[in-house]
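Visitor: Using the sequences plus the hints, can you model the full thing?
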Amino acid sequence: MRKSTVFFSFIILCGLLLFVILYRIPVSQKKSEAMIASNAKIVRELKLTDLSLFTEARYTRHPSMADLHSAFQDHPLALDHFPSGSLVTPPHFYNEAP
Amino acid sequence: MESGDGGTRCRHEVVSVIRLLHVTKSFNTGKSNQFTAVQDVSLEIESGRVTVLKGPSGSGKTTLLTLIGCMARPTSGRIMLRAIGSSALPGMEEADEVEITSLPERFLTGIRRTAFGFIFQHFNLVRGITVLENVMLPAYPTGEGRGAVHGRALKLLEIFNISRHAHSRVDLLSGGEIQRVAIARALINNPSVIIADEPTAHLDTKLSGEFMEIIGNFKAEGKTILIASHDPLVHDSALVDMVVEMRDGRIIQDGSGR
Amino acid sequence: MNSSFERHRNIVDFALSSLLRRKAKNLSLLAVYTLIVFVIASIIFFIHALKREAMLVLQNAPDMVVQRLAAGRNDPIPLGYQEKIAAIRGVSGVEPRLWGYYFDAAVGANYTLMASDKQQLEPESVIIGSGVARTRRLAEGDMMAFRAYNGEPTLFQVQSILPYASELVAADLIILSNRDFHALFNFPKGVATDFAVSVRNPRELTTIAAKIVRQFPDTRPILKREILRTYDSIFDWRGGMMIVVVAMAVLSFIIFAWDKATGLSAEERKEIGTLKSIGWETTDVLFLKFWEGSAISLSAFLCGVILAYCHVFFFSASLFEHALKGWAVLYPQFKLTPAVDPYQLAVLFFLTVIPYTVTTIVPSWRAATVEPDAAMRS
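Residue numbers (my numbering), protein chains in the order written: chain A, 1 to 98; chain B, 99 to 356; chain C, 357 to 734.
It is possible that part of the hints are untrue.
In silico DSS-like links for lysine-lysine, alpha-carbon gap of 30 Å or less [said to hold, decoys possible]:
| no. | chain 1 | residue 1 | chain 2 | residue 2 |
| --- | --- | --- | --- | --- |
| 1 | C | 379 | A | 41 |
| 2 | A | 31 | A | 41 |
| 3 | C | 681 | C | 407 |
| 4 | A | 31 | C | 567 |
| 5 | A | 3 | C | 381 |
| 6 | C | 626 | A | 3 |
| 7 | C | 691 | A | 30 |
| 8 | A | 41 | C | 681 |
| 9 | C | 407 | A | 41 |
| 10 | A | 47 | C | 681 |
| 11 | B | 129 | C | 626 |
| 12 | B | 253 | B | 304 |
| 13 | A | 30 | A | 41 |
| 14 | A | 47 | C | 691 |
| 15 | A | 47 | C | 474 |
| 16 | C | 545 | A | 47 |
| 17 | A | 41 | C | 626 |
| 18 | C | 407 | C | 440 |
| 19 | C | 474 | C | 691 |
| 20 | C | 381 | C | 626 |
| 21 | A | 41 | C | 545 |
| 22 | C | 681 | C | 691 |
| 23 | A | 31 | A | 47 |
| 24 | A | 3 | B | 253 |
| 25 | A | 30 | C | 567 |
| 26 | A | 47 | C | 567 |
| 27 | C | 440 | A | 47 |
| 28 | C | 681 | A | 31 |
| 29 | B | 253 | C | 626 |
| 30 | C | 407 | C | 691 |
| 31 | C | 440 | C | 545 |
| 32 | A | 47 | A | 30 |
| 33 | C | 407 | A | 47 |
| 34 | C | 545 | C | 567 |
| 35 | C | 407 | A | 31 |
| 36 | C | 440 | A | 41 |
| 37 | C | 474 | C | 545 |
| 38 | C | 379 | A | 3 |
Note that these hints are calculated values from the structure, not bench results.
Guide: The structure is reproduced here in C-alpha cells:
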C-alpha cells in the first residue's frame with residue numbers, strides 16, 4: 001500500500017474519531033443530566049457551598065468560605081498547602097472593595 | 099549520416115534541435131571573484147545525433163550542459179529549442195522554436211522534466227530511499243497516475259538488469275549499478291534528449307563499454323544525446339556524430355568528427 | 357484522476373519516505389510531540405469539564421452565607437441575629453447551618469460534618485459520603501467511632517451511604533442530627549456556624565448584604581456569585597503548578613521548532629538541488645517540506661487530543677490524581693461529564709500545528725528558489 005494512502009487513512013480516521021467524539025458530547029451531557037440533578041439536590045438540601053476536591057485543610061476544602069488570608073491559617077509556620085494551594089488561587093473578589 | 103529508423107523516432111528530417119546563440123554564463127557578477135564559465139558559445143545540436151563536448155576540466159562543459167538542460171539561465175545570449183515531442187509545451191506545434199532563456203521557471207521546469215533526461219557526474223541519487231522510488235521521482239510532480247509510472251519504472255529496471263534491486267536502498271548498490279539507476283531515472287519521463295555529464299568518470303573499461311552500448315540503443319531509438327567527457331573511450335567512439343572541443347569556456351573546434 | 361491531487365499524493369509519498377529514512381529520530385519526535393499535546397489537552401479538558409460541572413451544581417448553593425468574624429477569625433454566629441436578618445426586606449429565609457471538620461486520626465483524613473434534621477436520621481446514626489465509606493471501608497449498618505470533644509469515643513451507626521455519583525460534592529461528608537452534632541462537639545447552644553440566607557430577588561443581593569453588614573458589623577456575607585467565582589479561578593494558568601506545565605510545553609515546542617528553523621544542513625540543501633535538477637519546481641519542494649512538517653504535527657495533535665479525551669473522560673484523569681490529591685488522604689473519585697470548549701481546542705491546534713509547519717518550510721525557502729545547478733555545485 002502506498003505510504004500516502006496509509007497516512008491519509010490514518011489522519012482521516014483520527015479526524016472522524018475526533019469528530020464523533022465531539023459530536024457525541026451533547027448526548028453524553030444529556031445522559032448525565034440526572035446525575036448532575038441529583039448532586040444539585042444534595043447541594044440544595046444540605047446548603048453546600050463547595051466541591052469536595054481538596055480535603056487536606058479547611059481553607060482548601062471550603063475555599064469560598066475561607067478567611068481572607070489563606071496562608072498562615074493554622075499556624076504562622078503552616079505555609080500554603082501544596083499542591084492544592086498552587087492550583088486554587090485566592091479568588092479575585094478578595095481584592096475588590098466591599 | 100544514416101539515421102536509425104527503429105523505435106520512437108520523430109518523423110522530421112535531420113534538423114537542429116537545440117541552438118545556442120552567443121551564450122555566456124558568468125558567476126558572481128560584480129564581485130571580486132567573478133568567473134566566466136562559458137564565453138560566447140554558439141552551437142547547433144542536431145536531433146537524433148550523439149554530440150560530445152570534449153575538453154579538460156574547467157573548460158565549461160558542465161556549465162554548458164546545465165544551460166542546455168534548462169537548469170540555469172545564461173548571463174547573456176539565447177538558447178532556442180525546437181518543440182521536442184508533443185509533451186514539451188502545451189499549444190505548441192512540433193516545428194515551432196521556443197526561446198527558453200526567457201521562459202518563466204514553471205515552463206522551464208516543465209520542459210526539463212519532459213524533454214530532458216540528465217545523468218549527473220556524481221549520479222545525484224537521493225540517499226536512503228529505494229531504487230524504485232529514485233527512478234520514479236522525476237515523474238512525481240507531473241501528476242501522472244502512479245500505476246503507469248510504476249510500470250514504466252519497473253520496465254526500465256528490467257532493461258538495465260537491476261530489477262532485483264528495485265526495493266533496495268541505493269546506498270547499498272555498486273558503482274555500476276548506481277549508474278544504471280541514474281540512467282533509468284533519466285528515462286522515466288520518456289525524454290527525447292539525454293544529457294550525460296562525465297558518465298564514465300567512475301567506471302572501469304568494461305562498464306564504460308556497457309554504457310556506450312546503452313547510448314547506442316538510445317541513438318537507435320532516435321533520441322538526441324549530448325555527452326560531456328574527456329574520456330577517449332567516449333569521444334573516440336564510433337557512435338559519436340559530432341565532437342565539440344572546449345577550452346576556457348570557449349569552443350575551439352566544432353567538427354562533425356568522423 | 358485529477359493530476360493536481362495525484363501530484364500532491366506523490367509528494368506526500370516522498371515526504372513520508374524522507375521521514376522514514378530517520379525512523380528513530382522522527383518516531384521519538386512524534387512520540388514526545390504527542391505526549392505534550394496529550395498533557396496540555398488533558399489539562400484543558402479536565403479544567404473545562406470540572407468548572408462546568410462546578411457551575412451547574414453550585415448554582416444550587418445558598419444565595420448568601422453570613423459568617424461572623426471575631427478578632428479576624430471565623431466565629432459562630434449568634435442565633436439571635438437570625439430574626440433580625442429575616443426581617444430585612446427581600447429576605448425570604450434564614451437557616452442556621454451547623455457544620456465543621458473532623459480529623460480522623462485512624463486514617464489521617466479530614467471529614468466535613470454537617471448537621472441536618474431534614475434527613476430522617478435515626479438517633480446516633482449518620483449518613484456518610486461514599487468517599488468516607490471507601491476510606492474507612494464502611495458499609496451500611498457498620499459502626500463508626502468518633503472521639504468526642506472530651507476524648508470519649510462515641511459510636512455512630514451508618515444509616516446510609518450517599519451515592520457514588522455524588523463524590524464530587526459529598527465525598528467527605530458525614531451528616532448527623534443537630535442533637536448529635538451538639539453532643540459530639542459540645543457545640544454551644546444559641547449559636548450556629550453560619551447562616552444560609554435566601555432572597556426573593558437575586559438582584560438585590562448586594563443591597564441586602566450591605567444592610568446586614570450595617571446592622572451587624574461583625575458579620576461577613578458571602579454572595580453566591582462569589583462562591584461561584586471561586587471555582588472560576590481554580591487551576592488558573594497564571595499560578596503554581598499550571599505555569600510550570602505551560603512553561604515546559606512552550607519550551608518543548610520551541611526546541612522542536614529550533615531544530616528545524618536553524619536552517620538546512622548541507623545534505624538537505626544538496627537534496628533539494630537534486631530534486632530541482634530532475635524536474636521538481638520550487639512549489640513542489642515547498643509542498644514537500646510542508647508535508648514533512650505537517651505529517652508529524654498533525655498526527656501528534658490528533659493522537660494527543662484523542663488520547664487526552666479518553667484519559668480525562670474514560671479514566672477520570674487518573675494521571676493527574678497524584679498532583680491533585682496532594683497531601684489529602686481522601687480524594688474524590690469522580691467521573692466528569694464530557695465537555696469540550698471548541699475555542700480552546702482550536703487554539704491548541706493552531707499552537708501545535710502551525711508554528712512547527714512554518715519552521716519546516718521557511719528555512720527551505722531560500723534553498724528551494726535557488727537555481728538547481730548552483731545548489732548542486734555547493
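Visitor: List, from low to high, the hint numbers that the structure doesn't satisfy.
Guide: 1, 4, 17, 18, 25
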